[in-house]
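Asks: Residues per chain, in single letters:
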Amino acid sequence: MVAAGKGNLTDPKTKLDERQAEARAIERAKQGDAEAFQLLYDRHKRRVYSLCLRMVANTAEAEDLAQEAFLQLFRKIGTFRGESAFSTWLHRMTVNVVLMHLRKKGLAVVSLEETTQSPEDDSPKKDFGAEDLNLAGSIDRMQLKKAVDDLPPGYRTIFVLHDVEGYEHNEIATMVGCSIGNSKSQLHKARMKLREALQMYRAEKATGT
Amino acid sequence: MNCNDLIKSLAENEDGISLPQQVHLRSCTACVALVSDLHKIRSIAADLRSIDEPSPRVWNSLEIALRQEGLIRSQSSSKPFVTSFGARWGWARWLVPAAAAILVAVGSIEYRQSASRHLGEYAKPAKLSVVADLDDADFLQEVSDRTPAVQAQYNDSLRSVNDAIRDAQAALDADPSDPDARRALMEAFQQKQMLFNMAEDRPLP
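Heads up: the protein sequence lines correspond to chains A and B, in order.
Quick note on numbering: the working numbering labels position 73 of the first sequence as 73, and the sequence is numbered without any gaps.
Quick note on numbering: the working numbering labels position 135 of the second sequence as 135, and the sequence is numbered without any gaps.
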């Protein structure tokens, strides 16, 4: 589920020690140990919160959702048997919390568009403007973050789940209730929009606006 | 395959590795740039994974909710408060068991004598009457000139001991004749006194 080859440089022994420490914390949390809860929270808070923030693009909402995700996790921690990684379990729970929130707000989690047929905004004219606006060189992470926040909610959901969080299209389709084809189409459109946005930021920076 | 076809095909085949895509990319620099850009976006996206930190209020609210739901449970009588409190002290850990043992020995004698006289009252033996005057604000003022790491440790310990006092008090309120609750409350106050003494560099009793 986690995208492979994304550069985890922790040595195997350290990873094993961390997993064992986490396993002990989980058992203590099942007994109601406050320190154990806090240890688990501190270990996973950035990932959970970042996921929420990427998907809702609002810090207050993201904090509420992160809190809700952890609360649900800790309510159910007694049922965790270790068949999957704890982080995977928490992650999936967080995604469900956010998706439920988006549905309650009446936001389209994913566009109803089923076809991969390109609408106007994918035409060559818009995509292949002056070549000097291509994304030469590296992409600024903070600009990408801003561009993701500005995406329409449906595109943003798919992009975050696939490219940021590493879910496969078949998993996304199950989670959000769309087809695999729709998931692929939304992802493609999201990336095209991000490219446009990044080109625009770069152009604004070049002209000093 | 023309440029439009390539764009459509990228939704299905993201890396441009099908034969028709490869053929088109050999002769179209614009599409090569497009595929390269999309690949860059994809490759840097994972960097956004743990980029943000929630404010402290998230944990604070979460902890309150966990306590309200009873998911964080107070220590049972089989697990003395002294153990969990001492675990938090890091560098000062060696002081806690020795000092606590002395205090508990002194305090338990006092407790037994006072408990028989004052059934249903709070377990505050005479020797610990000074505990009633312990002021958290004074304590925080006392440690404010320490390094941030030490301050954080003291603050953490204060929070821990206040939690222990609150839990023991709640247990005693629920059952004023519970000897374990009385003992736990007394120990918690002793620990708080010890913490204050350490902060003020006073010798432990």
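Just so you know, the hints here were simulated from the structure itself, not pulled from any lab data.
We put the beta carbon where it would ideally sit given N, CA and C, even for glycine.
Don't take every hint at face value.
Computed footprint of chain B on chain A, listed as stretches where at least three residues anywhere in the stretch have a Cβ under 8 Å from a Cβ of chain B [stated by the list, open to error]:
#1 48-56
#2 60-68
#3 88-94
#4 139-153
#5 166-180
#6 192-199
Calculated Cβ distances over 12 Å to all of chain B for the following chain A residues [unchecked claim]:
#7 18
#8 27
#9 36
#10 103
#11 106
#12 162
#13 185
#14 189
#15 205
Asks: It remains to establish, for every hint, whether it holds in the given structure.
Replies: The hints, checked one at a time:
| no. | hint | in the structure |
| --- | --- | --- |
| 1 | 48-56 | holds (count 5) |
| 2 | 60-68 | holds (count 4) |
| 3 | 88-94 | violated (count 0) |
| 4 | 139-153 | holds (count 5) |
| 5 | 166-180 | violated (count 1) |
| 6 | 192-199 | holds (count 4) |
| 7 | 18 | holds, 15 Å |
| 8 | 27 | holds, 14 Å |
| 9 | 36 | violated, 9 Å |
| 10 | 103 | holds, 23 Å |
| 11 | 106 | holds, 25 Å |
| 12 | 162 | violated, 8 Å |
| 13 | 185 | violated, 5 Å |
| 14 | 189 | violated, 8 Å |
| 15 | 205 | holds, 16 Å |
Comparing the model with each numbered hint stated earlier shows that hints 3, 5, 9, 12, 13 and 14 do not hold.
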